[in-house]
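Q: Sequence:
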Amino acid sequence: MRGELLGASYLLERDGYGIVVSLPSDQGDFGIARPEEKRLFKVGISRGEEIIAATVNIFQVAIWVESEAAVDHFPPDDPRGLDGQRALTEASKTAIAVAEDFLAWLRVLGQQYWLGASHEPIRHAGTADLIDLEAGKRIKNINWEYGLVLQSFGEDAALGRDSLDKIVGRLDQEQTVLEADVLLADARHTLIGPQPESTITASRRDVRRCVLLAAIASEMKIRETLREKTPPQRKELVAVILKNWREIDIAIAQLPHKAMKAALGRSLHEEQPDLFDKVQKLFVTRNKVAHRGEAPTLAEAQEAVQTASRLSAWLDGLQVPTTP
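Residue numbers for the sequence shown follow the numbering used here, so the first one is -13 and each next one is one higher.
Any given hint could be a false lead.
[Claimed, not checked] Each computed DSSO-like pair below joins lysine-lysine, with the alpha-carbon atoms no more than 30 Å apart:
#1 Lys152 x Lys79
#2 Lys264 x Lys215
#3 Lys247 x Lys264
Hints were generated in silico from the structure; no laboratory data involved.
Produce the complete structure using the sequences and hints provided.
A: Right under this line is the structure:
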């Protein structure tokens, strides 16, 4: 991310808790002892003392927990201490949910898709700064493993302030990332492949999965757009088309043309014929993989992901018609 974001923090509210999401500004932040090889962030690009871009290895989700007995000076079996631990455990579920949502929006809206596949669980780095704000004493600690790693590939790919503000805005509104967008981020992550340490590893990609994920994401996004953006007076017709498109001989790749035109007054074929042709090709390639087990070339997999990304952007730009 861009260096200006180091130290950024945002106040949110969820499930009745006050929450602060923070990025590190110093290697000693968050009170977590870390060895040199696990620094909180690594400077990637600098200009003198100014940090232009950095790879951040950790972020913090701080949550306020109300409990009369949260400090650790009670005996192990004292119910007051157990109540405090129980309150902290419940609050941690909300903190984890916020962290997972933050990562999901970073991958999708922030284009930081290399954060990992969506099925990979979040990894926790510890809870060393749990403090009783009134008594100034430590709360009983809950330890999790180290290891959440964020990567970046240069200044152009670095997360900027506007993107981060939008991401936190989605968090604050408790918006859920669409499954189609998650799958597209997975496709883009799959396309990265192993780190280019040699010619052999650089050429290895799971090209079949790239194409399948890109096609599934595109189909889901097309259907979701038609369902959500079709005006009420046309929704029944669209529902019939989406339910029985095979029976009425409308291929999924054709939906952004005539069906989209009828429902929303917009046609991908008319507005971007080159992209429309690539969408047709994407589903042809998908069928070769799914039905015949063929392996696409790396170039075909790259084109499939690029096509799915362009299609998704076009669908996002469609609006519900204001006229009958």
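Q: Hint by hint, note whether the structure agrees.
A: Hints versus structure:
Simply put, Lys152 and Lys79 have alpha-carbon atoms about 24 Å apart, close enough for the 30 Å limit, and the pair holds. Proposed proximity of Lys264 and Lys215 is supported: the alpha carbons are some 23 Å apart, at most 30 Å. Taken as a hint, the Lys247 and Lys264 pair is honoured in the structure, with Cα atoms around 18 Å apart against an allowance of 30 Å.
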